[in-house]
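These protein sequence lines map, in sequence, to chains A and B.
Note that the UniProt record's numbering gives residue 281 to position 281 of the first sequence, counting from 1, and the numbers run on in steps of one.
Note that the UniProt record's numbering gives residue 139 to position 139 of the second sequence, counting from 1, and the numbers run on in steps of one.
FYI, nobody ran anything at the bench for these hints, they're computed from the structure.
Keep in mind that a hint or two might mislead.
Because identical chains share one entry, a pair is satisfied inside a single copy or across any pair of copies.
To be verified - Calculated pairs, SDA-like style, for lysine to any residue (alpha carbon to alpha carbon, straight line, at most 25 Å):
(1) Lys31 - Ser12
(2) Lys164 - Glu277
(3) Lys31 - Leu60
(4) Lys164 - Val191
(5) Lys164 - Glu193
(6) Lys31 - Leu252
(7) Lys164 - Asp19
(8) Lys164 - Thr20
(9) Lys31 - Pro254
(10) Lys31 - Pro253
(11) Lys31 - Ser264
(12) Lys164 - Ala109
(13) Lys31 - His282
(14) Lys164 - His282
(15) Lys31 - Tyr251
(16) Lys164 - His281
Since we're looking at a predicted model, the values are computed, not measured.
There are 2 protein chains.
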Amino acid sequence: MAHRSNGVSALSRAVQVLDTFSPDAPTQTLKEISQRSALPTSTAHRVVGDLVDNGLLERLADRTYRVGNRLWELGSRTPGAVGLREIAMPYIHGVQARVRQHTQLLIRADLDVLVVDRLSARDAIVNASIIGGRHPLQHSSSGIVLLAFAQDDAVERILERGLKPVTASGIQSRSELVEVLARVRHDGFAVSEGYLHPTSRGIAAPVRGAQDVVVGAIGVVVPNNGSDVAEISVLLRHAAQRISDDLLRCYLPPEHPDARPGGSFRQMVRSSEQSMEFLAHHDGFSQAE
Amino acid sequence: MAHRSNGVSALSRAVQVLDTFSPDAPTQTLKEISQRSALPTSTAHRVVGDLVDNGLLERLADRTYRVGNRLWELGSRTPGAVGLREIAMPYIHGVQARVRQHTQLLIRADLDVLVVDRLSARDAIVNASIIGGRHPLQHSSSGIVLLAFAQDDAVERILERGLKPVTASGIQSRSELVEVLARVRHDGFAVSEGYLHPTSRGIAAPVRGAQDVVVGAIGVVVPNNGSDVAEISVLLRHAAQRISDDLLRCYLPPEHPDARPGGSFRQMVRSSEQSMEFLAHHDGFSQAE
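All chains should be built: construct the whole structure from the sequences, respecting the hints.
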């Protein structure tokens, strides 16, 4: 294949450089990028230059770099993250209005859970979730939900990677993991008590997509105080069901009587009813001139 | 420079392919991608394969493609989009709770305005804003705000590109644009009446960043009914000021007495107070193992 050196494509190296940026290292010097990417300095310099030329990195006045808004723009066209978030958001808000701690939407990224959005009350308990951040699937209730309904060999691969519990309350063994996953499949929700922090408890339910496959999880993080989770689990399962219903209606043909309004925008946008009507008649409107 | 053919880098071609996806075309066939990218078919095929290998595109069961969640993840590390949104969100919610129509956060993307987030009431007026969508700066109140405080030659370049008003109420001439921009700089907010749709009116105020440079705009879209904008403009300017104050505190050295809590996460994350304290002591926590 063209444009490869040592079997690695130019694009792979660009991803390697972009991946050195993280929520706790949003700005880096060229030297830091080079070190964290494990690329030779001259290669790192060239890749950074190419990324800057394409607006995917921005060079600041103090000669540090940060991820460019252009990359965010291109990534905003993901039905699996931004589209799901748009469709789910009214229900996430509905849960948060009741729970008043943390309510969040998560998706699976291979063996990790990826945080798509999070609403947090100012006085809420400790929650390690960061938008765009990851945790190993087995370390949170949302991850456990995604793992319980995984249709691949994720469980085996997680056991190979090692469970590495963060606290003494985390999942310690294969048998414990298998038991927890069976219970989640039976109950339709997961509870994680102190897996990531002793004072916090996660509760999460699966969100099914148009093909009845689990495409995400809606979860809350609340105090780990032993209180009954029945009310919250019903609230979450109800919200998850409504998100699933809306997803289904966004993926029906636009002319179907149950289809949501908004034409070809439905899978990515949830705005007011009048706005959706307007958009439905303006396909191509979103293209900058 | 290596890895270029015809002076175009492999990365540029990848961006060209990704840019064919839009909020109203989130899923495409290989043929559609190839046609919209204006790349030769064989090149488009190769670039798509490379993007799939890196998780930046996903191939679906029906052989169509969509933007991969991995691209969203990499793009979530933008202080200028996601970081700004996290810091601004409580104030966006505060404005929306009062206005109950549309409240949104926007940033500049050269000569366009880019929508970072939007809250919409179900019964709100028509608003063409889509998350990740663009409009020419001169077509909305938020764009006018960003143009009024632009520190480059954006006004001249917009006049070269052509004003192309969407409605008869839009800005029609150089002299009108110059007058509007002068008024915005004097008033500290912009009003656009029916620029994009006759029933809608936009009102927006500038958000200043740590260097006192305008880094975004907070705006509302409300009915174009001629009512007094004084109250809303004060609400927006107050919210913008509070976002600016918080941005400043997120960019102070962590040990400064006025710095916001959260250590190296402050510029990208706004969670509960206990969560920020926790994160401050867990730099590197966000890295997947």
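Tested hints:
For the identical chains of this complex, Lys31 and Ser12 are neighbours both inside a copy (19 Å) and across copies (24 Å), given an alpha-carbon limit of 25 Å. In this assembly of identical chains, Lys164 and Glu277 lie within 25 Å of each other by CA distance solely across copies; the values are 24 Å between and 50 Å within a copy. Only within a single protomer do Lys31 and Leu60 lie at most 25 Å apart by alpha-carbon distance; the minimum there is 15 Å, versus 39 Å between protomers. For a Cα distance limit of 25 Å, the shortest separation of Lys164 from Val191 inside one copy, 18 Å, qualifies, whereas the shortest one across copies, 55 Å, does not.
For the homomeric pair Lys164 and Glu193, the shortest alpha-carbon distance inside one copy (16 Å) is at most 25 Å, but the shortest distance between copies (58 Å) is not. When the C-alpha separation of Lys31 and Leu252 is checked against a cutoff of 25 Å, the pair qualifies only between copies, where the shortest distance is 23 Å, while the shortest distance within a copy is 50 Å. Taking the closest pair of Cα atoms, Lys164 and Asp19 come within 25 Å of each other only inside a single copy of the chain (23 Å); across copies the shortest separation is 40 Å, beyond that limit. Taking the shortest Cα distances, Lys164 and Thr20 sit within 25 Å of each other inside one copy (23 Å), while across copies they are farther apart (41 Å).
Only between protomers do Lys31 and Pro254 lie at most 25 Å apart by alpha-carbon distance; the minimum there is 22 Å, versus 51 Å within a single protomer. Taking the shortest Cα distances, Lys31 and Pro253 sit within 25 Å of each other only across copies (21 Å), while inside one copy they are farther apart (51 Å). With identical chains, the CA atoms of Lys31 and Ser264 are at most 25 Å apart between copies only, with a shortest distance of 18 Å across copies and 44 Å within one. Taking the closest pair of Cα atoms, Lys164 and Ala109 come within 25 Å of each other only inside a single copy of the chain (18 Å); across copies the shortest separation is 43 Å, beyond that limit.
For the homomeric pair Lys31 and His282, the shortest alpha-carbon distance between copies (23 Å) is at most 25 Å, but the shortest distance inside one copy (47 Å) is not. Within a single copy, Lys164 and His282 get their C-alpha atoms only as close as 51 Å, which misses the 25 Å cut-off; across copies the closest is 17 Å, which meets it. In this assembly of identical chains, Lys31 and Tyr251 lie within 25 Å of each other by CA distance solely across copies; the values are 21 Å between and 46 Å within a copy. Taking identical chains as interchangeable, the C-alpha atoms of Lys164 and His281 lie at most 25 Å apart only when they sit on different chains, with a minimum of 20 Å there against 52 Å within one chain.
When the structure is compared with the earlier hints, no violation turns up for any of them.
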